[in-house]
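> Assemble the whole structure, with the sequences as input and the hints as a guide.
Residue numbers (our numbering), protein chains in the order written: chain A, 1 to 562; chain B, 1 to 335.
Hint data in this document are derived by calculation from the structure and do not stem from the laboratory. On a predicted model such as this, the values are computed, not experimentally measured, just so you know. There's no promise every hint is true.
Which stretches of chain A does chain B cover? Using the computed rule of at least three CB atoms under 8 Å from a CB of chain B, they are [as the list claims (entries may be wrong)]: (1) 147 to 160; (2) 181 to 193; (3) 308 to 316.
Here chain A is said to cover these stretches of chain B; the calculated rule only asks that three of the stretch's residues, wherever they fall, bring their Cβ under 8 Å from a Cβ of chain A [what the hints assert, rightly or not]: (4) 18 to 25; (5) 54 to 66; (6) 142 to 155.
Sample of chain A residues at the chain B side, in silico, Cβ under 8 Å [stated by the list, open to error]: (7) Thr386; (8) Asp387; (9) Arg457; (10) Ala545.
C-beta atoms are modelled at their ideal positions from N, C-alpha and C, and glycine is treated no differently.
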Amino acid sequence: MATANPALVPEITVHSVEPEPRGWVSWITTTDHKRIGILYLVTTFVFFLLGGVEALLMRVQLGAPDNTFLTPATYNALFTLHGTTMIFLFVVPIMAGFGNYFLPLMIGARDMAFPKLNALSYWLLLSGGIVFYVSLFFSPPEAGWTSYAPLSGSVYSPGSGIDAWIFLIHLTGISSLIGAINFYATIANMRAPGMGWGRLPLFVWSLLVYAILLILALPVIAGAVTLLLTDRHFGTGFFDQGQGGDPLLWQHLFWFFGHPEVYIMILPGFGMISEILPVFARKPIFGYKAIAAATVVIAFLALLVWAHHMFSTPSATIVLVFFMVSSFLIAIPTGVKIFNWIATLWRGTVEFKTPLIFSVGFISVFLIGGITGIFLAVFPVDWQLTDTYFVVAHLHYVLVGGSVFAIFAGIYYWYPKITGRMLSESLGKWSFGLMYVGINVTFLIQHSIGLDGMPRRVYEYPDVGNLALYNLISTIGSFMLGLGVVVTAWNVVRSLKKGARSGPDPWKANTLEWFLPSPPPANNFDVIPRVRSVEPMKDIRRQIARQSETPVELGAAEPTPR
Amino acid sequence: MWMVIHGLIASAIGIAVGLAINWFPESASTQAGPIDRLYDILIWVSVPVFVTVTIIVLFSVQNFRMRPGEEQLDGPPIHGNTRLEVIWTAIPAIILVVLCGYAWVVLRDIEEAQAGEMRVNVVGQQFAWTFEYPQADGEPVRSKHLYLPKDQPVRFSVRAIDVIHDFWVPAFRMKIDAVPGIETGYRITPNRLGTYPVVCAELCGLGHAVMRATTRVVEPAAFERWIAQQKAPAQASEDGEVDGKALFTDGNGAATACGACHTLADAATSSATGPDLDEVLADKDAAYIEREIVDPNAEITPGFQTGIMPPNYGDTLSSDELEALVTYLGEVAGK
Chain A
1 MATANPALVP EITVHSVEPE PRGWVSWITT TDHKRIGILY LVTTFVFFLL GGVEALLMRV
61 QLGAPDNTFL TPATYNALFT LHGTTMIFLF VVPIMAGFGN YFLPLMIGAR DMAFPKLNAL
121 SYWLLLSGGI VFYVSLFFSP PEAGWTSYAP LSGSVYSPGS GIDAWIFLIH LTGISSLIGA
181 INFYATIANM RAPGMGWGRL PLFVWSLLVY AILLILALPV IAGAVTLLLT DRHFGTGFFD
241 QGQGGDPLLW QHLFWFFGHP EVYIMILPGF GMISEILPVF ARKPIFGYKA IAAATVVIAF
301 LALLVWAHHM FSTPSATIVL VFFMVSSFLI AIPTGVKIFN WIATLWRGTV EFKTPLIFSV
361 GFISVFLIGG ITGIFLAVFP VDWQLTDTYF VVAHLHYVLV GGSVFAIFAG IYYWYPKITG
421 RMLSESLGKW SFGLMYVGIN VTFLIQHSIG LDGMPRRVYE YPDVGNLALY NLISTIGSFM
481 LGLGVVVTAW NVVRSLKKGA RSGPDPWKAN TLEWFLPSPP PANNFDVIPR VRSVEPMKDI
541 RRQIARQSET PVELGAAEPT PR
Chain B
1 MWMVIHGLIA SAIGIAVGLA INWFPESAST QAGPIDRLYD ILIWVSVPVF VTVTIIVLFS
61 VQNFRMRPGE EQLDGPPIHG NTRLEVIWTA IPAIILVVLC GYAWVVLRDI EEAQAGEMRV
121 NVVGQQFAWT FEYPQADGEP VRSKHLYLPK DQPVRFSVRA IDVIHDFWVP AFRMKIDAVP
181 GIETGYRITP NRLGTYPVVC AELCGLGHAV MRATTRVVEP AAFERWIAQQ KAPAQASEDG
241 EVDGKALFTD GNGAATACGA CHTLADAATS SATGPDLDEV LADKDAAYIE REIVDPNAEI
301 TPGFQTGIMP PNYGDTLSSD ELEALVTYLG EVAGK
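Given below as structure tokens:
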């Protein structure tokens, strides 16, 4: 018994496996977390492409001063669609997509805690997206993704677009809430034997915090849009100063949700980077506990900074000072994460694969977004910067340079596990190059556009100063960025058939999903290994190497469980 | 060592470039000085941070890259270092505390009340600004453009009639939301003669982009003359008829000027936010014109959107004013 089994002592065994169902009906009725994860990933990526097209249309309009390519109504509809799509239909749910697929695999579970609720949360997301986009054929919303009252009230936005937006918030909100509860229950109850909180993969840590933030923040926005709905249709006056309401109430409620939302969008990205860097640096993550703790601290502070979006509203100075200090504080745990990532690269053996390149790109671009965030938090300076293109530049550095780069790193890292095929490395590097140059050409110059006095959300601008040149540069950059995204989309489609076979563990990775064949079977684990450290796969490889007394080869790490 | 030298050189270049670039438009208020200085200090602090992190990342990926034959190699099993964690938590914290303190000082300076302040009421509405200069003797002087005497401390009192706007003069470096139902404001002292744009910085509807006006900072004597000029016609019209054309080009303080959004040859206005009145009102009778003013959504010109024109002209115009406007438009539109 002592030496017979080359792998691990089975802790839990399965007795029979049903054959995998096929056909489109099986996709609609599926409750398998992996299939739901794929549905999430594909759907949200389609919304990403739609949002990208909307952005490019806006950049064409702004490419020249006094342009008449789009009408003001179309332009306002486009930035409302773009912002709403990217936030509610892309970044937040694609994180749920990765979470759905990989959370159970990484903690050694056979599915989510509530598989049917999991399916429900996907279908609610899709219906939210459809309800919202159908408004294109009637009257699309034109009040921006923030839908500030009273502009979003029935007097100034009489069309049904705002109502479509409200229902999108409700549907995707319920979807995310259900998903978040599911994530939390799964992480709390279904971890592999031996996986204590100190051995939870960092991506799972970030999903745990993502779920908690969603549970805390979403009810507030759900309440706010319900008040808006009754204001619009049932004669209440929560946001109408004429009836004793307060337009600023909307902003407080919206941003109480809206700022945690920013961290909801970036924390899982941080988690992915924390998984990918150690794999490709061939070195354990530096400061595991510090990174996990920083994640929790960021989430806590994220709930206390909402009014820094409102520095130009009439508020007491002491209130502004509080929110300036709390916004500054968030820079500290974020800095801790960045320093730990760099320390992970330090003295490693850095392998230049596409996921690593996107991760390093993430650090450098996100850093710029973080620094401009400090500028915006200093509110005497913010009075000049807020509501200008400086803010647009800042938030895109954080969301495109941060979240999107992390998502792309995740796509290149995990695609082999999902499909069993490798993505093309050369297309991946091309895609990264185009996107990296594109994002900097597009958004770096936008800081100057804002500092020169161009407010955001304007469909045209006069030909004064350098605005025409700056905007043209930005437009050219946006098309490079778009091309970079298309290259990856093409890579993803092409590699389904043409990619090299990946085997179970092409990256020599650390976490449990790589223990399984690619793609994993319906029941995930026949045998759930006991977890003895943060890097269970390293332990497994080591054990195999010890037992076979020859160095284990890359990609051949799968043990025979029986 | 390589890193330190490169870091110092790159930081120095970065700071020099950061300070040399003229980031902001020309400044025209005393408050701009401390704000611009604070911005420069942020550059001083942030460039070295950016350079340090970037250099270490570049150095790591260059120096520790995987070389042929190292495919099976694992790096050293370093899991962390508590002392380093404390250092890179504490240093940013100290920098941030200092920055916070400095920002507070700047804030106190620019918000300080000045002796002998002049009050200017700023009213935002879709899609134009109105500036009111309260007068000791009677009605305030109203203008579509902002006139300010040089070196005279001003306190703006900002409000909005319909939706949220944001009163921003980039040259003054200050910005405040105009929120319906709340009176807000800020103080500045203009200190440079010239003409500067006024911009609406908060999305306020389809005409948001064109909600612009002009600030003119003039010598105090010129300002006095301008006020006197503005008063004269206002007094004359008190006993006379309401001037439909003046109403069209200037509004009445509560109602936005028609000319802010509409083209009309007779009034020499040329905005394209709303339909060209010479086209759409030609040969229309008074009843039609009145209905289009009071209930603009009843009939929408093709190519334009419902809900752009404020629907409350029936309330903001007196019946005399409405009549004068309808008569005026009937006489001149399309002629």
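> Now look at each hint and say whether the structure bears it out.
Hint by hint, here is what the structure shows:
1. 147 to 160: Three-residue rule met by the region 147 to 160 of chain A, so holds; n is 8.
2. 181 to 193: violated (count 0)
3. 308 to 316: This one holds; 3 residues, not fewer than the three required, reach chain B with a Cβ under 8 Å.
4. 18 to 25: Held - the region 18 to 25 of chain B has 3 residues with a Cβ nearer than 8 Å to chain A, which meets the minimum of three.
5. 54 to 66: Per the Cβ count (8), the hint holds.
6. 142 to 155: violated (count 0)
7. Thr386: It holds, given that the least Cβ distance between Thr386(A) and chain B is near 7 Å, below 8 Å.
8. Asp387: 4 Å, holds
9. Arg457: This interface hint holds because 5 Å falls under the 8 Å limit.
10. Ala545: Because about 10 Å separates Ala545(A) from the closest Cβ in chain B, which is outside the 8 Å limit, the hint is violated.
In this structure, the earlier hints numbered 2, 6, 10 are contradicted, and the remaining ones agree with it.
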